[in-house]
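J.: Produce the complete structure using the sequences and hints provided.
These protein sequence lines map, in sequence, to chains P and Y. Residue numbers -6 to 468, in the numbering used here, belong to the letters of the first sequence in order. Residue numbers 28 to 343, in the numbering used here, belong to the letters of the second sequence in order.
Simulated from the structure, these hints should not be mistaken for lab results. Be aware that a few hints might be false.
[Claimed, not checked] Have a look at the derived ranges for each label pair, beta carbon to beta carbon:
1. P:Pro80 <-> Y:Leu190: 37 to 43 Å
2. Y:Leu81 <-> P:Lys249: 38 to 44 Å
3. P:Asp338 <-> Y:Leu81: 52 to 58 Å
4. Y:Ser67 <-> P:Gln444: 56 to 62 Å
5. Y:Thr109 <-> P:Asp284: 38 to 44 Å
6. Y:Leu329 <-> P:Gly161: 40 to 46 Å
No residue lacks a Cβ here, since even glycine has one placed at the ideal position from N, Cα and C.
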Amino acid sequence: MRYPKRTRRRPVPNRTSRLAAAALLVATTVAACGGDDDSAEAGGPKAPATIPTLTNDPLTLSFIWFEWPPAQTLEDFANAEYTKDRPNVTIKVNTVPNANWHDAMFTQFAARKTDFDIAILDSQHIGEAVTNGNILDITDFVKENIDVSAYNPYLLAAYGQFPQAETGQRDENASLYGLPLLGDTWTMIYRKDLIGEQPPKTWDEMIAAAEKCQTENPGVSGLAFHQANGSDAAAVTYNTVNGVYGGNLWNAKDRKIEGVLNDQAGHEAMDILVNKMKPLTAKGSGNWFIDEVNAAVAQGKACIAFQWIAASGGLLDPKQSTLGTTRDEILQKLGFATLPTQKTDLVPLGGMGMHISAYAPEAQQAEALNFMKWFEQADVQKKWAAAGGVPARTDALQSPEFLNASPFNKVYADSVPRMRDMWNVPEYARLVDIENTNVNAALNGAKSPRQALDDIAREQQKILDSSGKKGGAGL
Amino acid sequence: MSAPAPVTTDEPGQVASATPPARARSRRLSDRWLAVVFISPALLLLLGMSVFPLLWALYLSFTDYSATRGGPADFIGFGNYTAILTSSQVHQRALTTLIYVVGAVTLQTVLGFTIAYLISRRTRGRGLLTTLFLVPMMLSPVVVGLFWRFMLDAQFGVVNSMLGSLGLGQVEWLTRQQTALLSLIVVDTWQWTPFIMLIALAGLTAVPKYLYEAASIDRASEWFKFRTITLPLVWPLLLIAVLFRAIEAFRLFDLVYILTSGGPGVSTETLSFHVYKVAFLGFNTGTASAYGILMVLVVIILTQLYLRYLNKLKED
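T.: As structure tokens, this is what we get:
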């Protein structure tokens, strides 16, 4: 026999192996802890006031956004225009489904490593990103490089300021963490051929017109709006009606939601939404969001619809519409108007700003600052408007390039002074989920309107009150 | 020093060149060490990808750690576990998950076994039929979810279109509390019935023919043969299939995410979907870890009870 038979069984793994395995576990644990990365300064590191020296080596500047037409518009526009100044730079706008947008950005922030240099955050995400130190503080950079007087102060505040500005205002002493990329709000889309050339002026008139149109046109529903429980779809719908009927989402100063959201005005808004507006929508529309509302309008299945302006471009494309074979034919049937008023004239603030990842390499951060400075110039903003973007500078908003680019651009320009945002706090994602699920439940008959609103107020208050709670946070 | 041993050659009479004997292997490279060397990559992978994350999640479950907020993970004892076990939100999701698991697995078992039984009685086209029935199982759940979402759409879905042609009204499959969970069960059943069918078919094929022949000689009825021969012999195998499916159904996430997003409201939110929200909406990593550990514990305990029953069944 070639090998002698062993007389004693050797333990496997032996002591050395066990020690090695234990060492490996400890090493992996230390690595997973992220070392001293966790000590990232709360509030985020500061960007330099002046743009550092830029590299001349080939560089890709990456953005992250969600999948919708403006994302491609931005990539095409930036690659066509920015590269005239910086030929070594390629712009890449990475997109994820809307429902994954928050997760895609913040899971990378959590890993303290991002594959994007510029995050396009919703205004409400800023609080979470700033509190966790995920994005650069660009206050000094803005002072040195951006003409802030060229903007409506609230737009500048909404897309960059933290702590959140009061509606319609900007706190000049607050820090800025981003600059506007794309402005947006809701537009009312109405069928001129079915309800007349003039859009309804008040919310009550709008409901009456939708009801009449639905009765007179079998197969066409009176209304189409966002009701889904993903993203912020149903929440924005309720918040809009809440604002129009004089309600408030919260008392920001006292961090009070219970008793504020579900006051008399809040309940009236929920009742209007569920009992007057919902019956005018198509059967099974309880999970509709941007695409479904657009499809209903394009197929001529809705008398009046509400949609984000930045997502309305496709409605004028004859290839996607049954309302006409040319853009002009479609425009003979479709009208775009600012939202009707009722007790107030508030409209929802949409759109997003650009924010630099605190974890991007220095060369990328420098390029991102340069891109932001370039993007916020007056002539670039007008070109952005002409390319299909929605600018934030006042001069660009009032320019013919913007106002003539699309029939709904004037709606945006007229809506700017009427905008109201949601809560921009670190707990935003939880708050909006609570509101979304409950409004969706009310719209689909799973809860009564009163119960749903009271539940929203109670659960949201619990989230705000439990900041810093030990054990069971998030439930 | 002894002379070297003669070396054999292919051709007798020819003296082979004297080559030195192979060097003795290092004492460290024994069979057992070689085995360790060969299995260590897989072991390291297992440690890194499974064991470590599980231990790490266990550690985090006793802390208030948040992945996005960073900072130190403060030890809070069983705070997360107490909060989860006493949360009405969790109780509601547990009930939804239970209804889903029982509904889906029961339906799949009945259908899967019936199809397998019918296929096993065929002699021609059996292979083709089996392959065709297996197709849904091979599709990605996300793809399945997306096309069922279109099929179940209340406005333009093919299901409502068919109901309409039969003179029946439109059904809001995915947006009504009464039908949304049922829709999830139906879609999951469509996809996973073939799994039960496959296992049941294997069991049915393994039943010795002579038992049926003996029963036939005794003029036993078909029902008697099924009840006393087929079912008892296939039952243990079927129960294992049920176990696998129940575990899978218990951690359902993808179909819910695609088809209903947990709606209307939270009426189709399963435990896994809720863990996802706790983990990634609020980034409450400590709570989510405890939630995950509890789910693993529930599966382990139920599986152990189930396996004991299976063993008892075998012994009987």
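J.: Now look at each hint and say whether the structure bears it out.
T.: Hints, one by one, checked against the model:
1. P:Pro80 <-> Y:Leu190: 37 to 43 Å: violated, 60 Å
2. Y:Leu81 <-> P:Lys249: 38 to 44 Å: For Leu81 of chain Y and Lys249 of chain P the Cβ distance comes to about 42 Å; the hint holds.
3. P:Asp338 <-> Y:Leu81: 52 to 58 Å: holds, 55 Å
4. Y:Ser67 <-> P:Gln444: 56 to 62 Å: 59 Å Cβ-Cβ, so the 56 to 62 Å window holds.
5. Y:Thr109 <-> P:Asp284: 38 to 44 Å: holds, 43 Å
6. Y:Leu329 <-> P:Gly161: 40 to 46 Å: violated, 57 Å
Hints 1 and 6, counting from the list given before, are not met by this structure.
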